[in-house]
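Peer 1: Each chain, letter by letter, is given below.
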Amino acid sequence: MTTILRARRLVKSAAGRPILRDARFVVRQGEVTALVGAPGAGRTTLLRCLAMLDPIDSGTIEFGGHVVVDATAPVSRWRGRRPRVRCNLDNVRRQIGFVFQTDSLCVNRTVLRNLIEGPVHVLKWKRSEAIEAAAELLGILDAADLADVYPLDLPPVRRRLAAIARAAMMRPDLMLVDDVCAGLEPEDRATLVRAVQAIHEIRNLAVVFATRDESFIRESAHRVCTLADGTITEVATGIARGETPAEELPEEPAPMRVAAAAGTLRR
Amino acid sequence: VIATAGWRWDWHVLDAALPALGHGAIVTVFLVMFVTIAGSAAGIGLGVLVASRSGALAPLRWPAAALVRVVAAIPPIVLLLAVHAAVPSAADWLRNLLLPLADLRPHAGAAETAVIDALTSRPFASSALALGVALAAHVAGVVRMAARRVPAGLRDAGRAQGMSRFTLLRRVTVPETARRAMPGVLRAWVAAIMWAPLAAVVGTTDLLGAAWRGGGAWPLEIATAVAAAFALLLIPATIFIRRVERSRWLATSDAVAPEALA
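Taken in order, these protein sequences are the chains called A and B. For the first sequence, this note's numbering begins at 24 and goes up steadily by one. For the second sequence, this note's numbering begins at 38 and goes up steadily by one.
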């Protein structure tokens with residue numbers, strides 16, 4: 024499996040508090056990674072840094088084999104900042120779908136219009152093509168009834184489902200899913216997990232799912248990464264589906280059993 | 038109270054005053070149009086400047102923010118008297134811009150001449166400038182607050198989809214700011230209509246000014262007609278604003294009202 028994203032020695036702090044300390048992370052094509060950790064462990068921060076929505080203090084991020092963020096170079100004395108990597112981050116972000124914990128949908132646009140916004144105005148699809156693709160995707164997610172509804176008229180689980188569909192509409196190579204299941208009932212969590220699974224199966228895209236949903240970890244995740252104190256401390260590889268690791272990860276700690284990962288969820 | 042005082046309505050007094058009231062109404066309309074268009078344009082520009090995060094605009098941001106705060110805190114009547122009496126050169130500057138209207142006078146009838154004279158007078162220029170500045174300050178405050186209330190999550194969602202800065206501005210920041218600012222800007226426009234009669238204080242022959250002069254002793258019938266004219270204008274405007282606020286396009290819980298008008 025080809026490595027699609029690799030983050031090395033990520034350091035990130037906010038308001039003087041270290042959030043990520045030397046975090047290393049690898050995502051491979053078609054792989055589903057569950058990112059677990061206690062609340063406040065830095066999962067959202069890690070995902071936002073990987074999506075290049077927040078700057079990192081130090082470290083590098085490679086996407087598709089190219090360094091897209093390099094915060095290891097010394098700060099230029101003349102410019103007062105690090106030399107920038109010659110890379111259009113907008114183009115990179117187009118290939119990374121991000122599902123926020125809160126849906127972040129435009130409330131004055133119907134779900135369908137929210138879905139076609141990116142394809143039409145970023146990918147420059149024809150509007151009719153985008154509408155067709157959105158209708159097809161909603162059908163796959165068993166959410167065809169959402170198309171003409173405004174987000175404020177929907178319950179939270181349906182809004183988050185629409186947000187997952189919006190991220191998938193961009194046909195990304197990698198989808199980063201923040202903890203969309205937070206605060207939902209078990210049956211609602213299962214709905215969202217099924218949606219992510221369906222998108223993964225159709226597109227065979229890489230998924231990083233920050234979650235504490237044990238069923239997802241057991242049934243879908245190829246790898247389980249545990250984030251604690253800003254560092255990815257444990258990685259379980261090829262466990263969920265009884266697969267063996269595709270390759271050893273020299274930079275990461277040894278694999279662990281999923282039960283151990285699930286145990287961290289209940290702390 | 039009027040009935041018990043034994044007042045007898047005599048609407049015939051309106052016959053003599055009606056032509057002057059008509060001219061005054063036209064001047065009021067021009068005044069309101071100038072104040073709302075120029076004041077809103079200046080206010081939106083100032084609001085964007087104050088709300089912007091651009092480093093290049095930082096030296097202008099603080100003076101602009103201070104100006105907006107100070108002017109919004111001054112009652113329009115005080116601002117009007119200050120501009121008219123204390124800063125006549127500013128009013129003359131605007132009057133010079135309007136003076137080309139006087140060239141139309143040879144081709145105009147008596148009624149049009151009265152309106153042109155009013156529009157090219159210094160009191161009109163003072164009123165337009167002072168009320169325009171007052172409206173600009175209120176609109177700028179609304180735009181600044183509206184821009185700040187756009188949730189960061191919406192911008193992040195756009196950035197996560199790979200939107201460029203310009204696309205993000207065009208598809209997210211500007212529409213979302215406009216949605217939040219629109220009710221406040223509409224209320225500021227209504228306020229500008231209500232401020233318009235203040236122009237009479239410095240001698241503008243607008244609706245109120247014309248009524249005052251034409252009626253001499255300010256009979257109740259003329260006062261009632263002026264009040265009815267403003268009510269006829271403002272009641273539909275407030276109904277329209279309520280409908281706009283309830284529209285789906287403005288479905289937001291964090292719309293901004295002008296601070297002084299909230």
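Quick caveat, the hints were computed from the structure, so don't treat them as lab data. Wrong hints could be hidden among the right ones.
Derived list of chain A stretches under chain B, where covered just means 3 residues or more per stretch with a C-beta under 8 Å from a C-beta of chain B [to be verified]: (1) 26-35; (2) 216-230.
Here are a few chain B residues that sit away from chain A, every Cβ distance over 12 Å (derived from the structure) [to be verified]: (3) Leu116; (4) Ala119; (5) Ser126; (6) Asp140; (7) Leu141; (8) Ala148; (9) Ala151; (10) Leu191; (11) Gly195; (12) Ser201; (13) Leu205; (14) Val209; (15) Glu213; (16) Ala228.
Ranges of calculated distance between the beta carbons of each label pair, as one might list FRET restraints [as the list claims (entries may be wrong)]: (17) Ile163/A with Val211/B: 50 to 58 Å; (18) Val124/B with Gly63/A: 37 to 45 Å; (19) Phe203/B with Glu155/A: 26 to 34 Å; (20) Val115/B with Leu146/A: 31 to 39 Å.
The structure presented is a predicted model; accordingly, all values stated were derived computationally and were not measured. The C-beta atom is built at its ideal place from N, Cα and C for all residues, glycine as well.
Peer 1: Compare the structure with each hint and give your call.
Peer 2: We went through each hint and held it up to the structure:
no.: 1; hint: 26-35; in the structure: violated (count 0)
no.: 2; hint: 216-230; in the structure: violated (count 0)
no.: 3; hint: Leu116; in the structure: holds (36 Å)
no.: 4; hint: Ala119; in the structure: holds (41 Å)
no.: 5; hint: Ser126; in the structure: holds (44 Å)
no.: 6; hint: Asp140; in the structure: holds (48 Å)
no.: 7; hint: Leu141; in the structure: holds (45 Å)
no.: 8; hint: Ala148; in the structure: holds (47 Å)
no.: 9; hint: Ala151; in the structure: holds (47 Å)
no.: 10; hint: Leu191; in the structure: violated (6 Å)
no.: 11; hint: Gly195; in the structure: violated (8 Å)
no.: 12; hint: Ser201; in the structure: violated (5 Å)
no.: 13; hint: Leu205; in the structure: violated (9 Å)
no.: 14; hint: Val209; in the structure: violated (8 Å)
no.: 15; hint: Glu213; in the structure: violated (7 Å)
no.: 16; hint: Ala228; in the structure: holds (26 Å)
no.: 17; hint: Ile163/A with Val211/B: 50 to 58 Å; in the structure: violated (33 Å)
no.: 18; hint: Val124/B with Gly63/A: 37 to 45 Å; in the structure: violated (57 Å)
no.: 19; hint: Phe203/B with Glu155/A: 26 to 34 Å; in the structure: holds (27 Å)
no.: 20; hint: Val115/B with Leu146/A: 31 to 39 Å; in the structure: violated (55 Å)
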